[in-house]
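K.L.:
Read off the chains here:
Number of protein chains: 2
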Amino acid sequence: MDKNYVIIGGDAAGMSAASKIRRSKPESNIIVFEKGEYISFAACGIPYWLGGVIDSDSKLRILTPETARSKRNIDVRNFHEALSIDTDNRTIVVKNIKTGDIIKQRYDQLIIATGARAIIPPIPGVETTGIFPLRSLSHGQRINTYINENHVRHAVIVGAGYIGLEMAEAFVSRGIQVEIIEMAHQIMPNYDGDMVEKVTSHLKEKGVILHLENRVTGFEKNASTISVSLSQAPHILQAELVIMATGVAPNSEIAESAGIKCGPSKGIKINAKMQTSVDRVWAAGDCVEYHHLVLGEAVYIPLAPSANKGGRIAGDNATGQSFEFPGILGTSVVKVFDYTMASTGLTEKLALSSGKFPKARSVVITESNKAKYYPGATPVTVKLVIDGKNNRIIGAQMFGKADVAKRIDIIAVAITAKMTAHDVAMLDLSYAPPFAPVYDPIHIAAGVADK
Amino acid sequence: MDKNYVIIGGDAAGMSAASKIRRSKPESNIIVFEKGEYISFAACGIPYWLGGVIDSDSKLRILTPETARSKRNIDVRNFHEALSIDTDNRTIVVKNIKTGDIIKQRYDQLIIATGARAIIPPIPGVETTGIFPLRSLSHGQRINTYINENHVRHAVIVGAGYIGLEMAEAFVSRGIQVEIIEMAHQIMPNYDGDMVEKVTSHLKEKGVILHLENRVTGFEKNASTISVSLSQAPHILQAELVIMATGVAPNSEIAESAGIKCGPSKGIKINAKMQTSVDRVWAAGDCVEYHHLVLGEAVYIPLAPSANKGGRIAGDNATGQSFEFPGILGTSVVKVFDYTMASTGLTEKLALSSGKFPKARSVVITESNKAKYYPGATPVTVKLVIDGKNNRIIGAQMFGKADVAKRIDIIAVAITAKMTAHDVAMLDLSYAPPFAPVYDPIHIAAGVADK
Chain P
1 MDKNYVIIGG
11 DAAGMSAASK
21 IRRSKPESNI
31 IVFEKGEYIS
41 FAACGIPYWL
51 GGVIDSDSKL
61 RILTPETARS
71 KRNIDVRNFH
81 EALSIDTDNR
91 TIVVKNIKTG
101 DIIKQRYDQL
111 IIATGARAII
121 PPIPGVETTG
131 IFPLRSLSHG
141 QRINTYINEN
151 HVRHAVIVGA
161 GYIGLEMAEA
171 FVSRGIQVEI
181 IEMAHQIMPN
191 YDGDMVEKVT
201 SHLKEKGVIL
211 HLENRVTGFE
221 KNASTISVSL
231 SQAPHILQAE
241 LVIMATGVAP
251 NSEIAESAGI
261 KCGPSKGIKI
271 NAKMQTSVDR
281 VWAAGDCVEY
291 HHLVLGEAVY
301 IPLAPSANKG
311 GRIAGDNATG
321 QSFEFPGILG
331 TSVVKVFDYT
341 MASTGLTEKL
351 ALSSGKFPKA
361 RSVVITESNK
371 AKYYPGATPV
381 TVKLVIDGKN
391 NRIIGAQMFG
401 KADVAKRIDI
411 IAVAITAKMT
421 AHDVAMLDLS
431 YAPPFAPVYD
441 PIHIAAGVAD
451 K
Chain E
1 MDKNYVIIGG
11 DAAGMSAASK
21 IRRSKPESNI
31 IVFEKGEYIS
41 FAACGIPYWL
51 GGVIDSDSKL
61 RILTPETARS
71 KRNIDVRNFH
81 EALSIDTDNR
91 TIVVKNIKTG
101 DIIKQRYDQL
111 IIATGARAII
121 PPIPGVETTG
131 IFPLRSLSHG
141 QRINTYINEN
151 HVRHAVIVGA
161 GYIGLEMAEA
171 FVSRGIQVEI
181 IEMAHQIMPN
191 YDGDMVEKVT
201 SHLKEKGVIL
211 HLENRVTGFE
221 KNASTISVSL
231 SQAPHILQAE
241 LVIMATGVAP
251 NSEIAESAGI
261 KCGPSKGIKI
271 NAKMQTSVDR
281 VWAAGDCVEY
291 HHLVLGEAVY
301 IPLAPSANKG
311 GRIAGDNATG
321 QSFEFPGILG
331 TSVVKVFDYT
341 MASTGLTEKL
351 ALSSGKFPKA
361 RSVVITESNK
371 AKYYPGATPV
381 TVKLVIDGKN
391 NRIIGAQMFG
401 KADVAKRIDI
411 IAVAITAKMT
421 AHDVAMLDLS
431 YAPPFAPVYD
441 PIHIAAGVAD
451 K
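Going down the list, the sequences are from chains P and E.
Its first residue numbered 1, the first sequence is counted upward by one per residue in the working numbering.
Its first residue numbered 1, the second sequence is counted upward by one per residue in the working numbering.
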């Protein structure tokens with residue numbers, strides 16, 4: 001009879017697993033080792049706290065170690081870093097960061113939920129004070145303190161992905177001048193180029209200066225100013241603060257060292273039950289590769305929804321149940337000032353470059369989010385990516401100033417159900433003038449795709 | 001070679017069919033006979049024009065007869081009422097309402113798109129001046145004129161379905177005191193009782209007086225006031241204007257008289273190709289019964305989206321193509337002051353009373369529409385109806401002050417795809433704090449249903 005459930009990592013996936021185990025195994029010992037101070041914080045809310053939209057970072061702490069212990073009887077040990085896993089003897093070695101003590105902990109079932117870390121490229125000077133990644137709540141707190149103590153008026157953001165853009169908005173709303181540097185020739189490199197033009201103009205309207213197809217070659221501190229050297233014109237920027245929003249990598253070294261299989265992304269390999277390659281070891285969250293429902297293969301797309309769901313399923317299955325996580329589409333949405341951008345499934349460029357969809361084609365339409373005559377109606381642009389072989393929808397992107405997030409979800413369900421453009425054009429969606437046109441933009445896009 | 005395409009009815013279904021035929025048959029004659037003055041008007045927008053949200057009824061005229069003639073080469077004949085169909089000789093008899101002339105028109109393909117009419121119960125005095133149905137733009141114009149000329153301060157609405165509630169909002173926004181009389185024990189009788197309580201309270205907060213489980217027994221005019229007699233207390237109401245929002249019935253008599261099969265609702269029977277029981281005769285829109293995707297049988301649910309889609313398909317197929325309309329879920333949404341109510345598939349009561357889902361069960365949850373800590377977060381209540389036999393979602397209802405319309409659509413797609421509660425709980429939906437919680441209310445409802 002399993003008694004000891006050990007979880008490495010106390011964020012979304014780890015605490016989801018712990019809570020599930022507690023519900024089905026009231027008598028078990030559940031120990032969560034968390035390297036940092038906080039557990040279960042709303043990482044995606046940090047830019048909104050830094051931008052002043054949310055008034056306190058305490059609102060981002062969904063569950064504290066104290067509450068997890070007292071209310072859920074989960075033995076949360078924060079400031080504890082797992083160093084190694086011995087899968088033969090079913091033990092892990094953990095370091096108490098505060099005391100330096102080394103602990104050996106036996107497990108009956110182990111869940112690895114070590115998450116991801118910010119990738120910091122090895123640029124000369126990148127360790128300079130005033131240069132921050134943004135991944136944990138502690139990072140956010142350090143950035144906030146630094147802004148307040150150093151009267152930051154100019155910030156440079158390296159990377160124009162969603163964190164970079166969310167931070168640009170946060171800084172602008174605090175009156176900080178923002179310049180963004182992006183290696184690619186477009187913002188949001190995970191979107192098709194034709195779907196980012198409008199938002200690119202919008203960023204400029206909001207005073208954000210973009211340097212595309214440019215890269216940082218070095219940082220140098222001079223009193224309170226950081227000089228940022230660039231490979232291309234303008235070659236040098238000055239700022240008091242730099243955010244490195246240059247992507248994330250899975251914290252999977254501890255798994256790999258223990259002989260647990262990882263994929264090409266270094267994310268831990270799991271099956272639909274969230275089992276790793278080693279018996280009694282499960283994994284979930286930003287440290288794993290999830291099955292992509294369209295590509296039909298494992299991919300590394302670390303996002304909160306799959307971390308939460310995967311953690312729950314790992315927790316359930318670790319207690320002997322048998323649930324499956326079908327997979328992901330990489331569905332995501334991001335607010336960029338007044339615009340919303342959203343994506344699900346494959347972009348056209350990914351569909352083509354994957355080699356799996358040589359007949360991929362696309363349609364792009366712009367239509368009103370509600371009846372055109374209704375006050376406040378605003379355009380929504382919808383791009384559908386279709387597999388020309390069978391007319392199935394395999395991806396979608398949207399942008400607009402309203403009603404984008406739940407609209408992308410409609411297509412996410414359609415892709416999950418392997419619907420064709422015709423199926424989507426015929427969907428019975430809700431209509432009333434204040435909410436949608438009689439043909440939703442989705443219908444119109446699918447109708448064009450179906451021709 | 002077919003040459004003459006004749007369409008009876010120039011609203012959504014009829015004009016959709018006409019436009020489709022024009023595109024695939026540029027050389028054909030397309031004649032549309034419309035009894036009224038207008039074609040293709042946005043009926044669902046009338047309450048918003050009457051309420052002052054939309055400033056001119058011209059915005060509701062999507063296509064005028066003149067434009068249809070000049071731009072689309074469609075021979076629209078408004079003020080022409082079709083009287084009979086001779087399916088043997090492929091002719092129809094039409095009356096020019098303005099001149100009284102009777103015309104015989106041959107057809108190669110005929111599309112019946114006669115729509116529906118307001119049901120006016122045979123209540124004594126119902127023909128009194130100041131008592132109006134609301135179905136056509138002409139009705140709306142007459143109501144508007146009557147309000148302006150008679151300084152209406154008090155209105156009675158008979159029927160608390162979606163038109164009744166939309167008109168209540170319109171009147172309140174014009175400063176008119178509203179009382180609603182409803183035979184059933186709840187507003188929105190097509191919703192489950194537990195899903196209308198909050199909106200019922202909200203109507204009262206907005207000053208609307210509701211008389212449930214009550215019925216009108218007579219109307220009597222006295223100078224500018226109409227006395228409305230009720231079966232129950234308060235037994236009598238006084239108003240200057242009465243709206244009869246007591247449902248609609250299909251205009252199918254012309255079809256039935258011609259030997260075209262109609263269903264128990266009197267809606268015209270069609271197959272997935274929109275063919276009637278008679279060769280070369282097609283039908284679509286509010287005069288037909290559509291196939292219900294959950295019930296698996298024909299139902300009469302006249303709504304604009306299926307009128308538009310059905311019309312297109314009838315038009316395509318009349319020209320020799322072969323498209324199918326899969327069917328409907330009765331997906332709908334209605335704005336009731338600050339609230340939005342939406343429904344798709346079966347209610348719990350309909351699932352049980354249909355006899356087809358004896359194991360139907362339901363869950364109701366209330367969760368935040370976006371991250372709880374994000375400003376403006378507001379609760380959304382989700383009810384899922386599940387077939388206990390196989391765990392499939394067969395219906396959903398929602399209400400809340402934001403983000404309801406597109407959320408019901410997510411479930412509409414899931415129902416179309418025959419997804420189970422588990423499938424829905426695992427859907428990869430978009431997440432970002434300004435738009436949704438990491439577990440959408442839909443996930444939470446489906447997760448509870450999956451237990």
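One or more of the hints may lead you astray.
Identical chains blur together in the list; that is why a pair holds if it fits in one copy or across any two.
[What the hints assert, rightly or not] Using 27 Å as the maximum straight-line C-alpha spacing, the simulated DSSO-like pairs for lysine-lysine come out as follows: (1) LYS3 with LYS104; (2) LYS418 with LYS389; (3) LYS451 with LYS3; (4) LYS389 with LYS401; (5) LYS372 with LYS71; (6) LYS372 with LYS418; (7) LYS261 with LYS204.
What the hints contain is simulated information worked out from the structure, not anything from laboratory work.
K.L.:
Taking the hints in turn, state whether each one holds.
P.N.:
Evaluation of the provided hints:
no., hint, verdict
1, LYS3 with LYS104, "within (16 Å within a copy, 87 Å between copies)"
2, LYS418 with LYS389, "both (13 Å within a copy, 24 Å between copies)"
3, LYS451 with LYS3, "between (59 Å within a copy, 24 Å between copies)"
4, LYS389 with LYS401, "neither (33 Å within a copy, 42 Å between copies)"
5, LYS372 with LYS71, "between (51 Å within a copy, 21 Å between copies)"
6, LYS372 with LYS418, "neither (31 Å within a copy, 33 Å between copies)"
7, LYS261 with LYS204, "neither (45 Å within a copy, 62 Å between copies)"
Hints 4, 6 and 7 from the list above are not met by this structure, while the remaining hints are.
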